[in-house]
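Residue strings, one per chain:
There are 2 protein chains.
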Amino acid sequence: MGKKVAKANRGIPSKAEAFTEWYPFIVEAAELVDKRYPIKGMDVWRPYGWKTMRLIDGLTHAEMERTDHEEVNFPLLIPEVLLEKENALVARLKRAREEGVDPDELRDEEEEAGFKKEVYWVRHAGENELDVPMFLRPTSETAMYTMFPLWIRSHADLPLKVYQTVNTFRYETKQTRSFIRVREIHFFEAHTAHVDEADATRQIEQDLDIVDRLMHHLCLPVLKAKRPVWDTFPGAWYTIGIDAIMPNGRTLQVASCHHYRDQWAKAFDITYETKEATQAHVHQTTYGMSERLLGAVVGMHGDDSGLIMPPAIAPIQVVVCPLVRKNATVDTVAVSHDVADRLRQAGFRVKVDDRDLHPGQKYYDWEIKGVPLRLEVGPRDVEQGSVFAARRTGGKSPIPMDGLESGVRETLDAIAKELRVRAHAHVDEVVQPLPAWKDGSLETPVEDGRIYELAFDGSDADAERLERATGMGFLGDATEPYPEPRPCHATGEPTTRRVLMSRSY
Amino acid sequence: MGKKVAKANRGIPSKAEAFTEWYPFIVEAAELVDKRYPIKGMDVWRPYGWKTMRLIDGLTHAEMERTDHEEVNFPLLIPEVLLEKENALVARLKRAREEGVDPDELRDEEEEAGFKKEVYWVRHAGENELDVPMFLRPTSETAMYTMFPLWIRSHADLPLKVYQTVNTFRYETKQTRSFIRVREIHFFEAHTAHVDEADATRQIEQDLDIVDRLMHHLCLPVLKAKRPVWDTFPGAWYTIGIDAIMPNGRTLQVASCHHYRDQWAKAFDITYETKEATQAHVHQTTYGMSERLLGAVVGMHGDDSGLIMPPAIAPIQVVVCPLVRKNATVDTVAVSHDVADRLRQAGFRVKVDDRDLHPGQKYYDWEIKGVPLRLEVGPRDVEQGSVFAARRTGGKSPIPMDGLESGVRETLDAIAKELRVRAHAHVDEVVQPLPAWKDGSLETPVEDGRIYELAFDGSDADAERLERATGMGFLGDATEPYPEPRPCHATGEPTTRRVLMSRSY
Chain G
-6 MGKKVAKANR
4 GIPSKAEAFT
14 EWYPFIVEAA
24 ELVDKRYPIK
34 GMDVWRPYGW
44 KTMRLIDGLT
54 HAEMERTDHE
64 EVNFPLLIPE
74 VLLEKENALV
84 ARLKRAREEG
94 VDPDELRDEE
104 EEAGFKKEVY
114 WVRHAGENEL
124 DVPMFLRPTS
134 ETAMYTMFPL
144 WIRSHADLPL
154 KVYQTVNTFR
164 YETKQTRSFI
174 RVREIHFFEA
184 HTAHVDEADA
194 TRQIEQDLDI
204 VDRLMHHLCL
214 PVLKAKRPVW
224 DTFPGAWYTI
234 GIDAIMPNGR
244 TLQVASCHHY
254 RDQWAKAFDI
264 TYETKEATQA
274 HVHQTTYGMS
284 ERLLGAVVGM
294 HGDDSGLIMP
304 PAIAPIQVVV
314 CPLVRKNATV
324 DTVAVSHDVA
334 DRLRQAGFRV
344 KVDDRDLHPG
354 QKYYDWEIKG
364 VPLRLEVGPR
374 DVEQGSVFAA
384 RRTGGKSPIP
394 MDGLESGVRE
404 TLDAIAKELR
414 VRAHAHVDEV
424 VQPLPAWKDG
434 SLETPVEDGR
444 IYELAFDGSD
454 ADAERLERAT
464 GMGFLGDATE
474 PYPEPRPCHA
484 TGEPTTRRVL
494 MSRSY
Chain L
-6 MGKKVAKANR
4 GIPSKAEAFT
14 EWYPFIVEAA
24 ELVDKRYPIK
34 GMDVWRPYGW
44 KTMRLIDGLT
54 HAEMERTDHE
64 EVNFPLLIPE
74 VLLEKENALV
84 ARLKRAREEG
94 VDPDELRDEE
104 EEAGFKKEVY
114 WVRHAGENEL
124 DVPMFLRPTS
134 ETAMYTMFPL
144 WIRSHADLPL
154 KVYQTVNTFR
164 YETKQTRSFI
174 RVREIHFFEA
184 HTAHVDEADA
194 TRQIEQDLDI
204 VDRLMHHLCL
214 PVLKAKRPVW
224 DTFPGAWYTI
234 GIDAIMPNGR
244 TLQVASCHHY
254 RDQWAKAFDI
264 TYETKEATQA
274 HVHQTTYGMS
284 ERLLGAVVGM
294 HGDDSGLIMP
304 PAIAPIQVVV
314 CPLVRKNATV
324 DTVAVSHDVA
334 DRLRQAGFRV
344 KVDDRDLHPG
354 QKYYDWEIKG
364 VPLRLEVGPR
374 DVEQGSVFAA
384 RRTGGKSPIP
394 MDGLESGVRE
404 TLDAIAKELR
414 VRAHAHVDEV
424 VQPLPAWKDG
434 SLETPVEDGR
444 IYELAFDGSD
454 ADAERLERAT
464 GMGFLGDATE
474 PYPEPRPCHA
484 TGEPTTRRVL
494 MSRSY
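Residue numbers (the numbering used here), protein chains in the order written: chain G, -6 to 498; chain L, -6 to 498.
No lab work stands behind these hints: they were computed from the structure. You may find that some hints are simply not true.
When chains are identical, the list treats them as one kind, so a pair holds in a single copy or across two.
Quick list of in silico lysine-lysine cross-link-like pairs, DSBU-like style, CA-CA up to 35 angstroms [unchecked claim]:
{"hint": "1", "residue 1": "78", "residue 2": "259"}
{"hint": "2", "residue 1": "344", "residue 2": "268"}
{"hint": "3", "residue 1": "268", "residue 2": "28"}
{"hint": "4", "residue 1": "110", "residue 2": "33"}
{"hint": "5", "residue 1": "259", "residue 2": "109"}
{"hint": "6", "residue 1": "28", "residue 2": "109"}
{"hint": "7", "residue 1": "28", "residue 2": "259"}
{"hint": "8", "residue 1": "259", "residue 2": "44"}
{"hint": "9", "residue 1": "319", "residue 2": "8"}
{"hint": "10", "residue 1": "355", "residue 2": "431"}
{"hint": "11", "residue 1": "344", "residue 2": "28"}
{"hint": "12", "residue 1": "268", "residue 2": "319"}
{"hint": "13", "residue 1": "78", "residue 2": "44"}
{"hint": "14", "residue 1": "87", "residue 2": "33"}
{"hint": "15", "residue 1": "44", "residue 2": "167"}
{"hint": "16", "residue 1": "355", "residue 2": "268"}
{"hint": "17", "residue 1": "154", "residue 2": "268"}
{"hint": "18", "residue 1": "259", "residue 2": "87"}
{"hint": "19", "residue 1": "110", "residue 2": "78"}
{"hint": "20", "residue 1": "28", "residue 2": "110"}
{"hint": "21", "residue 1": "44", "residue 2": "154"}
{"hint": "22", "residue 1": "87", "residue 2": "389"}
{"hint": "23", "residue 1": "219", "residue 2": "33"}
{"hint": "24", "residue 1": "410", "residue 2": "389"}
{"hint": "25", "residue 1": "154", "residue 2": "355"}
{"hint": "26", "residue 1": "8", "residue 2": "154"}
{"hint": "27", "residue 1": "355", "residue 2": "8"}
Produce the entire structure from the sequences given, and follow the hints as far as they go.
This is the structure in structure tokens:
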């Protein structure tokens, strides 16, 4: 499998100079996916890519179990009538926002929200036209909230916290990119229902804590920002977007949390009996992530030799390469297998590469795939009672066979740490204060590859002016505001609101 | 979650007398799935059901890893043109069979095979009609075999062994039943390619060995039979069906293996360079299983108190119930949590039920869900240094706290063994020799709830006559023939072919 790719990938594009070429090249050369499937934007996950994604899923599932979420699995297909229900809700919320009134005062109207334009339709089965047209889920609010009223009766049933990992679909008309913009999306979604707004807010806080824990494993610094109103998920009270930062300075939303208050509950009639025996609507949240997490890992950590996998999600954490010397008295292949067995016993994911190839060719293959640690086993190493460790992040040193397991653990930890240091240095370099406004324009023009932060408490018109002047979008209010008030970029009034602007995927 | 169901399930139907009512009742009462989703035949997997299914998947995945299969994930949508390719192949094979000629001598014709009638079509996305109509995979031969020619170049790439666990779709017009006949199917499929027919045959042997290992965990005896020609998967050289036996004697195909020879390879142009530098077509196999495995577990092991989960796939293997006595000096709740912690440490899946409910109500809940082992922790048990173990298969005895872990392991093993003994006894009772043929009919009529075996080497017409006389279908040739020849049921000629007949789901 994959001979052709292995031969073809000799000339890896430069990541720094040609990221838009480097990315698709490396995704295929490392055999994460195959893009040659005959539908655009629907890639085949190859074993190495799928294993990586499943390891990321595994971390997510562990977090869900830790925080008392339960895993469910909903049907892929959703009847059209539920989309209409959602559209009516979204249209009403939009009008309420525009007119500055309470959405409860408005009635649903037949109005087209955007969703219909983004879904794949199933209207035929076999030779029949279906009585009830259905669509492929783009996300599962409507499917789930149809069932919630059947599951929630009283306050004792709350909070209800469920999640699923499923395939979702968006009819993308923009250019597709593996993991980043695809038409079939490997998607994680948690949905919760609570007794009141405050409890739902606590859930959002827990979600953001989970994000931090996951990103630590992925060695990915992220920006967390409360999206501006015009970029809030329709149907949400507010949305917090979690963005990774790609090497070209563009932000990539890898996760998002939505606080729905009781807006969906009212549309889907999700009520419960309170302790006081009255009926109340639940307050809801969602937390979503996708295969973009893998796209961010690829983009952030890779280099001109290929991927660099964070140890927590590396399908192969350690590759053991025996060095075979003619006339050697030591069986390095046998020792390599012993080393691998010991490490597997200790819980590491290990592969022995005893192919009859030049070591350089082997190293090249595993560098492209981003295996964090390579152990070379040569006759002299064996004689000296050690193996030679080459870190994918750079640097080589022997690890004594005595204490092999702890030596490997420490080395992998050091690699993860190095990835975090590099990634944070990148973010510190990329995120800069927005130049001041002077004489109708920015004092100095914005630079390519940067993200800007600014104290901001201005109007939507001010925001629009800044977006036009920079060619960038408002990511929103960083969840960590300035510790002390600063003058607003637009009005000069003091504010602690720290707003981020970026070009985003 | 689920209060309503818990209240409603007081009157469980009798399994022996009303299996067709018992089954759907128990599936919902145990909270495996919720059938109230607004599309018929598409159930919502609830946490308990999904966890069970994922544990079954976990066993399958372990077997796949053990046998060097690699996990992939293919797109759900398949372009229509590939279905036409498949249809042409199937139609040609069918004609070749009917005309008794080599299929290679026939050319493809525009002919409609059955598949088009069974798939869901995606012809629209957003407001557009798609240029290329697509369908939801019913299985992934066409999707995968489109990619195989890109992955297979030479004999060094073979065998290629991949698998995936995905959602598949069939437009069912028959009555749907949870797990057994659904429209969205949780499906496992392994696809392999080999240098020649013999190597593909060895793969089928490995598949059947894997089936045995999995069924041991599920405590399910199965029948393995090479399907008659008229029941062979279209496109296969031969099909081996693996059937579980439900309490009503009907067989339920839970898995199947197909030997494709080089028939698909010729249709999809999958060739490789041999060691002799010539080009040859690969030989292929598939091995499929589905959520029907869970349906069989429910049907085979349950009783009038609910499910009985085989320990290997029980989401909760042990439930610990503290008995709270007034004025007791022992904190049984604290001891219960200690017991649970010790067992979790040892790798068991454990839950403490410290709800403030009457013990009888608790026991009832966990019996419905089929938890194999209940540990009761009362003040006297604590004083005597033991816990009281109640097996879901019947029987109670104390387990000393000293050696708790090994006591629980032995008890769970005993429960699994008991399930196997019961299931095998059921099969031995159900499978009977077919009554002899006499004076134009069977000597004694067939009985309800039975499966029949017979020595058979007759013609298709003989088979048809028997099917008509019994109202049953030919399952095919058991993979274990008679050790000694017997006279054929139809012709009287000696044969070791052991043919099975049943009514099937």
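Status of each hint after checking the structure:
no., hint, verdict
1, 78 x 259, "within (11 angstroms within a copy, 49 angstroms between copies)"
2, 344 x 268, "between (57 angstroms within a copy, 27 angstroms between copies)"
3, 268 x 28, "between (55 angstroms within a copy, 30 angstroms between copies)"
4, 110 x 33, "both (18 angstroms within a copy, 26 angstroms between copies)"
5, 259 x 109, "within (22 angstroms within a copy, 42 angstroms between copies)"
6, 28 x 109, "both (27 angstroms within a copy, 27 angstroms between copies)"
7, 28 x 259, "between (43 angstroms within a copy, 24 angstroms between copies)"
8, 259 x 44, "between (41 angstroms within a copy, 31 angstroms between copies)"
9, 319 x 8, "neither (39 angstroms within a copy, 71 angstroms between copies)"
10, 355 x 431, "neither (57 angstroms within a copy, 72 angstroms between copies)"
11, 344 x 28, "within (26 angstroms within a copy, 45 angstroms between copies)"
12, 268 x 319, "between (80 angstroms within a copy, 27 angstroms between copies)"
13, 78 x 44, "between (38 angstroms within a copy, 31 angstroms between copies)"
14, 87 x 33, "both (33 angstroms within a copy, 34 angstroms between copies)"
15, 44 x 167, "within (28 angstroms within a copy, 37 angstroms between copies)"
16, 355 x 268, "between (66 angstroms within a copy, 23 angstroms between copies)"
17, 154 x 268, "within (20 angstroms within a copy, 57 angstroms between copies)"
18, 259 x 87, "within (16 angstroms within a copy, 57 angstroms between copies)"
19, 110 x 78, "both (15 angstroms within a copy, 31 angstroms between copies)"
20, 28 x 110, "both (25 angstroms within a copy, 30 angstroms between copies)"
21, 44 x 154, "both (27 angstroms within a copy, 15 angstroms between copies)"
22, 87 x 389, "neither (58 angstroms within a copy, 63 angstroms between copies)"
23, 219 x 33, "within (33 angstroms within a copy, 40 angstroms between copies)"
24, 410 x 389, "within (16 angstroms within a copy, 53 angstroms between copies)"
25, 154 x 355, "between (46 angstroms within a copy, 23 angstroms between copies)"
26, 8 x 154, "between (41 angstroms within a copy, 34 angstroms between copies)"
27, 355 x 8, "within (22 angstroms within a copy, 61 angstroms between copies)"
Going through the hint list in order, the structure does not satisfy hints 9, 10 and 22.
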